[in-house]
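> Each chain, letter by letter, is given below.
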Amino acid sequence: MYNANKVIPGIIIFILFFTIPIWLNFGRLEAIPKPELPKKEKKCIESKEYMRAYHMKLLDDWRKKAIRENKYIYTASDGKKYFISLQRTCFKCHNDTEKFCDKCHNFVITHPDCWDCHIAPEVAKKWQ
Amino acid sequence: MSLPKPDELLVGVNLHKTPSKTWMDIKAELRKGMYCGIVDPKTLEELDLNTMGSWQPSDEKWPLPENWKEIVKEEIRKRLEKHRSFKLFMDICVRCGACADKCHYFLGTGDPKNMPVLRAELIRSIIKGEFSTFGKLFGRLAGARKLTEDVIKEWFYYFYQCSECRRCSVFCPYGIDTAEITIMMREILLQLGIGTDWALKPVHNSYYIGNHVGVPPQSFKENLEFLVWEFEDITGIHIDLDKYLNRKGAEILYVPMSGDYFADPGIYTMLGILVLFHYLDLDVTMSVWAAEGGNFGYFNSLEMAKRLHSKIYEEAKRLKVKWILAGECGHMWRVWNQYHNTWFGPFDYLEVPKSPITGTVFEQAKENKIVHICEFTADLIAHNKLRLDPSRNDHLIVTFHDSCNPARAAGLFEEPRFILKHVCNNFVEMPENTIREKTFCCGSGAGLNAGENMELRMRGGFPRANAVEYVHKKYGVNQVIMICAIDRAVFPTLLQYWVPGVDTGGLHELVANALIFEGEKSRTEDLRRRPLKHPVKGREEPTEESTEEEG
Amino acid sequence: MNALISFIIFGILVAIPWFGVGVLGLQSLFGIVIPYICFLVFMIGLIYRIVYWAKSPVSYKIPTTCGQHKNLASPWFKHNRLENPFTTFDVILRMFLEVVFFRSLFRNLRADLYGKRLIYGSAKWLWLGAILFHWSFFIILLRHVRLFTNPVPGIIEKLDYLDSFIQSLGVPPIYITDILILAGLTFLLLRRFIDSKVSYLSYGSDFFPLFLLIGIGVTGVLMRYYFKVDLYAVKQLTLGLATLHPTIPEGAKIGTIFYIHLFLVSSLAAYFPFSKLVHMVGVFFSVTRNMPNNNRYKRHINPWEYPIKHLSYYEFQERFKDKMIEAGIPIDEEAKPEEHKWYTMYGPNKNI
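Chains as they are written, first to last, in this note's numbering: chain L, 1 to 128; chain U, 1 to 551; chain S, 1 to 352.
Think of the hints as simulated: they come from the structure by calculation, not from any bench. Wrong hints could be hidden among the right ones.
[As the list claims (entries may be wrong)] List of simulated lysine to any residue pairs, SDA-like, C-alpha gap at most 25 Å:
| no. | chain 1 | residue 1 | chain 2 | residue 2 |
| --- | --- | --- | --- | --- |
| 1 | U | 21 | S | 5 |
| 2 | U | 366 | S | 75 |
| 3 | S | 323 | U | 314 |
| 4 | U | 317 | S | 311 |
| 5 | U | 27 | S | 200 |
| 6 | U | 69 | S | 352 |
| 7 | U | 82 | S | 274 |
| 8 | U | 42 | S | 348 |
| 9 | U | 17 | S | 200 |
| 10 | S | 197 | U | 139 |
| 11 | S | 228 | L | 79 |
| 12 | L | 103 | S | 241 |
| 13 | S | 309 | U | 310 |
| 14 | U | 69 | U | 127 |
| 15 | U | 473 | S | 120 |
Because the structure is a prediction, the values reported are computed rather than measured.
The following block holds chain L by itself, in its conformation from the complex:
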């Protein structure tokens, strides 16, 4: 091999770059956080799979319905009716955003702006 003095460092940089996660995790890897599920209620308004993937879409739809169309009733796929409100419906069970929402959001790095306006009951307590 020729120009080994340049090629080998080049190969090393190449390997380092494409294995970057390994080096970034090295020595600081944290356990995967587990969101704390509500104790009273076992079932959310839709199936667990649906909620895990689509909760943000559902909330977005709720927002549009409530604000733009002045509709406050949501019929779930099992026929049950719910009042459209983050504050009054969701927070009833998921009353601590820090222990529930933020756990996943911080884990996967997504930055929803819900908490710019809404405050969950348990979080509000801390400020009182």
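Chains U and S: place on chain L using the hints.
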């Protein structure tokens, strides 16, 4: 062979239309006027090369050696191992098409195989089809094909439609240099015994007689004598030629180009250089053996290029000079600038070039000890060592043609322009996209300046001529200046065809014409005996006569 | 035709995980085994390719010079260090601009022939399309680090935040690079169809990576905005891959679209070292760009250079002696015949 009229030549050319068949299905049709003839076997034998006997490209069946396929594959493999450039360029092209309309042969023919990318595909597809598993598996889908006799014909046709000008390499995002590929491909063809008459006869001459045109030493001297007589007749200044020929112990070895002591208008450049030497009383000599700075070997194989130029340094040693000065030539300067030091160095027997007139040390040639005449003259002018009268060139409106290789293989842009601006008053540039690193080839470089491929030359030279035509019409340009011997040999034909009324010349011809000599006589003509705009008033003739009478 | 076959192959690549995961439920195969294998093929293949290039020596110093050379004797000629490097530092600058900003492509021109007149115009579209695609791809790649690290480094988080700062186009906020990469790729694909020259010289292997990349981009976008997946479970999977403890998250179902996306990325990785995509590392090896134009100043050594056969002055003088004397050209009495061992790659005497 009849060459169509300029108005008809480009009628069929459409740069935005492509054939309906894919290029792999189009057999190369060797059209007369587009390729050069094959050299005779004797020339090949005397240069220790393989031969295929007496044949011509127009023959239906080429007399390829029996094991031609093995030879070709072996030679390809060898070159992939020897040159990283070639290996890499075979791998990394993404066919983005940036080079497509940069080639002057494509612009002049509209033939898609003249797009640099497809020219390279002619070999890339074979490497894929013959060496790569992926290529063998997916065939055409991956751009692979098999080696056949038609491919050899195609290679011959298209790799002799590339003048190794490197314009495509400027625009390629990876710097893929078609010149490099063409060099390799011509080498492989040469190994089979395929070489053109026009590219190999000069090699033979240069190898055995010392220069491309085969001028023996006595005629070399005669030609120069004729030039200095002319000069004496015009200006009254006598140049003593003897000190410039084969003299040992001079400080500088000057290596001329045979084109410059062989034919008009190159001879005026040679004269210009002799005049400059005389003006400076420079301690310089020329070897009658290494009387060729150019290198047609380079148009056949790198080895042949090295074989031809080794004599320059052998002669420098024999004549005991301190450093070497190169003349105005294009591919020559590429070979000197980029290859010489690798081929022939190190040069302990030479010294770092230092101008004896100004004392300037040419530090950029610290190891190779070779200087381009433009660097040398620019330094003289900058130090006010030349008394110049630019108005002596007022009968000319000049433009400067950047020759491919001083431009793209050296970067010699400012020196010739600096000189030009000091020796003439009317200098205009051609359009921006046709000069400097974007300059266009004369269409006849790299051993393509033959007679039998005239149509190719006129087509390839069209983009350059078109730019000349532009400044000719707009500013009345009547002379193109260039620092390349092949250019000077082919431009007259090219301009005669496309832009009649524009002359061709070298840079140092204008330098010499602008030089003011002590004791020169009055003249009304330039060095070519064209009428001057402002007659030169020198010493008065009658005085000389009266002195004689008195004496 | 080339494009069609490539598209069919691409279609098959989409169908494989669709069937494999959606119908057969082979999550582990498509989520763990194939990505690992393809990543290894990518790394080893590319290193192999680099070593393969490096095994051939740089025979000559042949930079393409696109600007004024450095004239040390007459330094007032302004040296263009970027286009005609003289020192290693100049080369680094030139390569930096080449790799990061595609400087050569920025020069691109377009030539048109009108009757007997050639017109040149600026043509920066290709440059723009290329820049859009490559830079977006690079940022997207970095952004994906969030799925492979825990905790996510602040800089990646910031990058993610910056990329999605336009919040007014719906929830979740749109990534700017998502739009740009698809715009860039669409342009690059369209010109392969529309520009007759580029269309003529395109192989199936030119369309295929474009289809793959567009496929990757589109599945990624769909996953974010339409067919949503359980991101928490996705990250469990991806983090497991990065920490070499791969698992298919239990009790959670990741949509098939994720597996299609992952399979296309794996295919791209595995295809990479065997295709033109190697230009990513190849550009660093480009001998016409990565060397200074200073062979007169500093000698470049070619490891396989060999002595050649040539004629000596003695032989020349012997042949022309009488004529030279007659013409009054000095004769060198000291000239001697010379013999040396020589090699040739050509002809009947070929000995290397």
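> For this structure, which hints from the list above don't hold up?
Of the numbered hints, all hold.
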